[in-house]
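When the letters of the sequence shown are read in order and numbered with mature numbering (1 follows the signal peptide of the UniProt record, and there is no 0), they come out as residues -25 to -1, 1 to 736.
It should be emphasised that the hints constitute simulated quantities derived from the structure, not laboratory data.
Given the structure is predicted, the values throughout are model-derived calculations rather than measurements.
Any given hint could be a false lead.
What the hints assert, rightly or not - As a list, the in silico DSS-like pairs of lysine-lysine whose alpha-carbon atoms are at most 25 angstroms apart:
1) Lys480 x Lys549
2) Lys328 x Lys135
3) Lys238 x Lys363
4) Lys363 x Lys328
5) Lys166 x Lys238
6) Lys666 x Lys614
7) Lys530 x Lys447
8) Lys709 x Lys649
9) Lys480 x Lys622
10) Lys328 x Lys122
11) Lys542 x Lys530
12) Lys13 x Lys238
13) Lys13 x Lys122
14) Lys622 x Lys135
15) Lys328 x Lys318
16) Lys542 x Lys617
17) Lys617 x Lys549
18) Lys542 x Lys480
19) Lys122 x Lys80
20) Lys549 x Lys614
21) Lys614 x Lys542
22) Lys549 x Lys622
23) Lys363 x Lys166
As the list claims (entries may be wrong) - Pair by pair, the computed Cβ-Cβ distance ranges are:
24) Asp528 x Pro264: 17 to 25 angstroms
25) Gly633 x Thr585: 17 to 25 angstroms
26) Val692 x Gly643: 16 to 24 angstroms
27) Ala710 x Thr607: 22 to 30 angstroms
Even for Gly, the Cβ is constructed at its ideal location relative to N, Cα and C.
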Amino acid sequence: MSRRFLWALCLCVLVNSVWSSAAMANNKMVAAPSQDQKIKQLIIKLRPNAFSYLGTASIPTVVTQIAHMATAQQPTYKRAMSDNAHVLTLPYEMTLAEAIDYARKVKADANVEYADPDIWLYPSAAVIPNDTYYSQQWHYGSPSVNKGAANLLLAWGVTKGSNSVVVAVVDTGSLNHVDLNSRFIGGSAAKSGYDFISDVTNANDGNGRDANPSDPGDWTTVESSSWHGTHVAGTIAAESNNSQGVTGVDWNARVLTARVLGKNGGSLSDIADAIRWSAGETVLGVVNPNPARVINMSLGGSGACFTVFQNAINAAVSRGATVVVAAGNSNVNASNATPANCKNVVAVAAVDKSAHKASFSNYGSVVDIAAPGVSILSTLDGGTTTPKNNNIYQFYQGTSMAAPHVSGVASLMLGANINLRNDTIPRASVPVLLEAKLRASARPFPSGSSCVNRCGAGLLDAYQAVLAVTTKPVANAGSARTVSAATTVILNGSATDDSFGGQIKAYLWTQVSGTPVTLSSRTIAQPRFTAPTMGGVLRFSLVATDDTALVSDPKYVDIIVTASSTKHNLTVTKSGTGNGTVASNPAGINCGTACVAAYTPGTNVTLTATPASGSVFIGWSGVCTGGASTCTVSMSAAKTVKANFQKSSACQSTVVVGSVADGVWQAGCTSVLKGSSHYGRYHTFTLSAAKTVTIDLVSARDTYLVLRSGGTTSGGVLVQDDDGGSGFNSRIVKALSAGTYTIESTTAMPSETGAFSLILR
């Protein structure tokens, strides 16, 4: 086989490295493995077009020879995995740095899609022996008692979950337990999923992958078995309200077990396969008939989120699975903790009863939310090495214990709103939506908490999270009013969604009674129609749909149509990103509330636009034009006017002629003219008539003054001045027509801060 041919056949490579997590067992914190830990395996994948060059060569031969040619070191083919990737055994045990370098050389070939270390992960929990039962489960209670609690008592009053929701526990496997058996897929730990551990020694059950995900124990010479996955599963979904044991977050969800962690943690290649399989992907012929909508991974390691990990997570999310992960227990920034630093995951930090960051918990910008992770009571086994099957309960601590609280609440949310699980919402959109709702519904950290600005959006609040997906929006069809026949009518619909993070996604108008009319659109908030020539009452209903596909109760409005008259309708609409009102003289228009009024022919109607706080009036369109705040319309026929309001920034305010505006140049408000290295402030004013204005910019700093057209900071420059006044002061004198203008005040020198006064005459 020629060298050229071999380089065209690269498959896809990952390198095996050990995943670390700060874990506590028997009250002893296990330090994260160092960067010189030994790596045994590599993962490799070819780009799709590379397969056309395979010819008669076997894939194992091609993969190993490609790696050999790239590195001059011969690996051994081990197995295929999901995503058309392949696992190789490295020529020798490498340090993480060596393995990363080996992978870098392999993926330098243009036909290689990715090559990453096959790193290992470890449970990130801590064992603290103590008492049992629900009274000991502070973490589920009211935040009025323990500030860090998850507020589940109220949530259970809304929903206790649904047995149609499956939660996957990607962990050490599970054990039979009196508080778990009825919750397992298949009714027992042995039938609840799949064992993905491919290394026989690490598996510790006498074989490699098989259909029995039971936990045989992960003891070593220095530590007892953790039964980590059993503890995690109990927090998510222990049998509840059954007069024994402990309570789970979700009382009805079913548990799917994907065993990936053995005596020495777990390999990335095994974990990636398990993630995909858990979400419903068939992996190497293994079918999952019970796809999970939530995947819990209470495991982690240090380093980057490698491609194979991210691809597996993305694949799960695309199938509708929300992936919840522990932030890690090394008390470091989680940006270097994986999978917390992967995209499309909900990364969870741990807090104690007082809502302080747990001493061991990782933190940082990649963390999404914080949940209870100290003194967490759940299901366990009493065996120090092999299982005793004695149905005990024990306290653990760690971000491994925080993550299943979030997974359980995500499961409750899915159970509470069928739209989240019946494909009413596109399946791939649901994980993103749930993450947003979890963050939006999180309680703020209390004052003095060590988690403030460090542990994500806030504290997990199960009740608020459930409300975020069960609170219907409220529609408003507007007020009843009388209109003239044959005139244009606008239905003033709106809606609000007071749930946490709620958004209105759709409207639907229906005419209930009266002479049929044609709406310009049934699916917008404010459609138009032409009133019929006959008098009568037209009744319309409006419903609104929010981002969780919940539909409001219908609201009704009556439009009373009077017989034809000589009056003409004046219709005012508003546009732009800002807000404001338009009033008329003679009275009739008061828009916001009344945007249509009828006037007798020949009436001159003066409209006045007033921007709301934080907005500026830009100008008129329609029968009125220009930027003056007032315009006059002669009602010779039905006419339409549009008022444009735009939001003003925190760096922009309004000023009137004949006033003085004081300001401060400071970071955060930059100059459009001079660039981001100069600080600037903006003042907008409106002239109702032509006028020559004088603008003085007075400061101890070296000033620069700009006059722009329009009400935005990006309007055209009309005139500018540098020190046209006395000293460092600048002055502009300009004859202007009626309209809206914006003054840009900045400094001649970069990064100068300080106070100034703007005088407009």
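Hint check:
no.: 1; hint: Lys480 x Lys549; verdict: holds (21 angstroms)
no.: 2; hint: Lys328 x Lys135; verdict: holds (24 angstroms)
no.: 3; hint: Lys238 x Lys363; verdict: holds (18 angstroms)
no.: 4; hint: Lys363 x Lys328; verdict: violated (32 angstroms)
no.: 5; hint: Lys166 x Lys238; verdict: holds (21 angstroms)
no.: 6; hint: Lys666 x Lys614; verdict: violated (30 angstroms)
no.: 7; hint: Lys530 x Lys447; verdict: holds (13 angstroms)
no.: 8; hint: Lys709 x Lys649; verdict: holds (22 angstroms)
no.: 9; hint: Lys480 x Lys622; verdict: holds (22 angstroms)
no.: 10; hint: Lys328 x Lys122; verdict: holds (6 angstroms)
no.: 11; hint: Lys542 x Lys530; verdict: violated (30 angstroms)
no.: 12; hint: Lys13 x Lys238; verdict: holds (15 angstroms)
no.: 13; hint: Lys13 x Lys122; verdict: violated (42 angstroms)
no.: 14; hint: Lys622 x Lys135; verdict: violated (44 angstroms)
no.: 15; hint: Lys328 x Lys318; verdict: violated (29 angstroms)
no.: 16; hint: Lys542 x Lys617; verdict: holds (20 angstroms)
no.: 17; hint: Lys617 x Lys549; verdict: holds (5 angstroms)
no.: 18; hint: Lys542 x Lys480; verdict: violated (37 angstroms)
no.: 19; hint: Lys122 x Lys80; verdict: violated (51 angstroms)
no.: 20; hint: Lys549 x Lys614; verdict: holds (15 angstroms)
no.: 21; hint: Lys614 x Lys542; verdict: holds (11 angstroms)
no.: 22; hint: Lys549 x Lys622; verdict: holds (13 angstroms)
no.: 23; hint: Lys363 x Lys166; verdict: holds (19 angstroms)
no.: 24; hint: Asp528 x Pro264: 17 to 25 angstroms; verdict: violated (39 angstroms)
no.: 25; hint: Gly633 x Thr585: 17 to 25 angstroms; verdict: holds (19 angstroms)
no.: 26; hint: Val692 x Gly643: 16 to 24 angstroms; verdict: holds (23 angstroms)
no.: 27; hint: Ala710 x Thr607: 22 to 30 angstroms; verdict: holds (23 angstroms)
The earlier numbered hints that this structure contradicts are 4, 6, 11, 13, 14, 15, 18, 19, 24.
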